[in-house]
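Read top to bottom, the protein sequences are chains A and B. Each residue of the first sequence is one higher than the one before, starting from 1 at the first, in full-length UniProt numbering. Each residue of the second sequence is one higher than the one before, starting from 1 at the first, in full-length UniProt numbering.
Note that these hints are calculated values from the structure, not bench results. Ideal Cβ placement from N, Cα and C applies to all residues, glycine included. Hints should not be assumed to be uniformly reliable.
[Claimed, not checked] Ranges between beta-carbon positions, derived for each pair: (1) A:E266 - B:R215: 50 to 56 Å; (2) B:K56 - A:K121: 45 to 51 Å; (3) A:E212 - B:L10: 27 to 33 Å; (4) B:K54 - A:P105: 48 to 54 Å; (5) A:K12 - B:C20: 47 to 53 Å; (6) B:I198 - A:P105: 22 to 28 Å; (7) A:G38 - B:C20: 45 to 51 Å; (8) B:R215 - A:Q191: 57 to 63 Å; (9) A:S94 - B:I22: 24 to 30 Å; (10) A:D166 - B:I39: 49 to 55 Å; (11) B:V73 - A:G38: 31 to 37 Å; (12) A:E225 - B:K56: 52 to 58 Å; (13) A:E5 - B:R13: 42 to 48 Å; (14) B:K56 - A:G38: 15 to 21 Å.
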Amino acid sequence: MNTVEMKQVSKKMDDFSINKLSFTVPKGYITGFIGPNGSGKTSTIRMMMDVWKADQGEIKVFGQDMDTKAKQRIGFVYDDLYMYENFTIDKMRSFIAPLYDTWDPTLFWKYQSKFGLPTTKKLKKFSKGMKMKCSLLFALSHNPEFIIMDEPTAGLDPVFRRELIDLLQELMTDENRTIFFSTHITTDLDQIADYIVFIKNGGIVFQKSMEEIKETFHIVKGKNEDLDPDIQKMFEGIRQTDQGFSGLFTGNLSLFDGFEDRVLIEKATLEDIMYFMLKR
Amino acid sequence: MKQLLYRDFLLTRRQIAGTCLIFFIVSLGHYPVLIYYFIFALQLPHIMFADENKNKVHYYLLSLPIGKMCLIVTRYLYILIASVCLLLFAWGIAAITSLKPDDIFYMVYGSTIYGWQDICLAFSVVLAAFAISIPFMYGFRGAIIVHVISGVMGLLTIGFIFVSTNLPDTEENWKFNDKVMTWFRELFPLSPVVILLIGLSMYVISIVISVQLVRKNKSLD
């Protein structure tokens, strides 16, 4: 069962286009949505949330078109706090809470206390970290089945990024919960993601589980003198320095058996994959 | 819808309270409040849209379980309700403060200024100003455009007030009714009720235009 299904979704904008995007967000897992800046992550999320209409294709959330009933089950976290800056948390709560059928005041106060957010301070006086916590507070207080996060860690310090990751892991103890986490900071996802969707120039490069990724993608490091044109073609992407080369390899590792100690093979991180695939 | 009306009230309550206070003070001085009504009523959309557009609040609003059309229609409804309430307050407070038994001048003055024709006309002008300016605020996302539109509408309205009102040095002292009605009747040979209907029609058309703008993804994205 998938929480989101996107099939052949296309949208043309003035200076950018999404081309026949197809991927799924499996229910009960954390799916990371990675890609460089300007690759179409936010545009895709906007179409998913029905903020933008796709020109072509089909988007199903909970097996249906996005509507207000579906949004009741979704918690949304942006890269910034797009709320009324002159409101306090108390005021925002009085506006937001009645909109959700499943709003849980106990949960709200639990997170408010956990995040240490002041309820009577104007939102414009919040720091970047506090703004993100505030966004999370409102996104989580109605017990959403599906949490969409668009670059939530952008501009945050490592301490809060780690706290956020811990919180997401805690949230995933509910097996019915699904998280879709868009980021270009891939180290956040190495720890928590179950699936990865990689987008580049408005098109999907791949969708794989983390297990598949760990089995498929490897970094091969060696000396430049071992790198002839035939070997170069075997790599998805390659980087050469005076000290040697390193490349992203997705094939059968037994090909390097003859190299013995002259090559070093490691599992590729998401950052490695993104780097080499974008460099290609 | 109730929550969106409440949200708009939260956004504007201080300005509305301040405006009511100004109306009260002005009325105590026996000056016609209706002229101030134009200035303050026209600030309502500006207050709401400037903050929203500056902070891109529509991004957040669209993630909430609220329909896009509901967002627009409720905003129009709130502006209508708030401007009617302000008008009634201006009318009521001026009527009360003008009714001083020992001061015949102000009694006459008060009853002359705030007749039903004045109310119809003032409200129609404000409705027309809203009808023209609000679609621009939905059509263009920038906060600056909201300030510019509000500024232009404010200047036009103040210009209208000066054109249509006797100035303080006249005997009638900022008397609103006669000159503006005469001016309007010369311009449009229609009764105030018809002018009010035109204002309301413009307002409804404005709602349709804003909805169409959003449907075509020209705004709220």
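Practice task
Could you tell me whether the CB distance from K56 of chain B to G38 of chain A stays inside 15 to 21 Å?
Solution key: 18 Å, holds
Practice task
Check the following: the C-beta atoms of K12 of chain A and C20 of chain B are separated by a distance inside 47 to 53 Å.
Solution key: 50 Å, holds
Handout entry: Cβ separation of E225 of chain A and K56 of chain B, checked against the hinted range 52 to 58 Å
Key = For K56 of chain B against E225 of chain A, whose Cβ atoms are near 54 Å apart, the range 52 to 58 Å holds.
Practice task
Given the hint of 49 to 55 Å, check if D166 of chain A and I39 of chain B actually sit that far apart at their C-beta atoms.
Solution key: The hinted range 49 to 55 Å holds for D166 of chain A and I39 of chain B, with Cβ atoms some 53 Å apart.
Exercise for the section: Given the hint of 42 to 48 Å, check if E5 of chain A and R13 of chain B actually sit that far apart at their C-beta atoms. Expected result: With a Cβ separation near 44 Å, E5 of chain A and R13 of chain B satisfy 42 to 48 Å, so the hint holds.
Exercise for the section: Can you let me know if the beta-carbon spacing of K54 of chain B and P105 of chain A is within 48 to 54 Å? Expected result: Violated - the Cβ-Cβ distance for K54 of chain B and P105 of chain A, about 30 Å, lies outside 48 to 54 Å.
Handout entry: Whether the CB-CB distance between K56 of chain B and K121 of chain A falls inside 45 to 51 Å
Key = Hint violated: Cβ distance 21 Å, outside 45 to 51 Å.
Handout entry: Range hint compliance [Cβ, I198 of chain B to P105 of chain A, 22 to 28 Å]
Key = This hint is violated: roughly 48 Å between Cβ atoms.
Exercise for the section: Using the beta carbons of G38 of chain A and C20 of chain B, state whether their distance is inside 45 to 51 Å or not. Expected result: 49 Å, holds
Handout entry: Range agreement (Cβ of R215 of chain B with Cβ of E266 of chain A, hint 50 to 56 Å)
Key = Since the Cβ atoms of E266 of chain A and R215 of chain B sit about 52 Å apart, the hinted range of 50 to 56 Å holds.
Problem - Outcome for the supplied range 24 to 30 Å, where the beta carbon pair is S94 of chain A and I22 of chain B - result: 27 Å, holds
Problem - Distance restraint hint 31 to 37 Å, applied to the beta-carbon atoms of V73 of chain B and G38 of chain A - result: The hint (31 to 37 Å, Cβ to Cβ) holds, given that V73 of chain B and G38 of chain A are roughly 35 Å apart.
Violated hints, in rising order: 2, 3, 4, 6, 8; the structure is consistent with all others.
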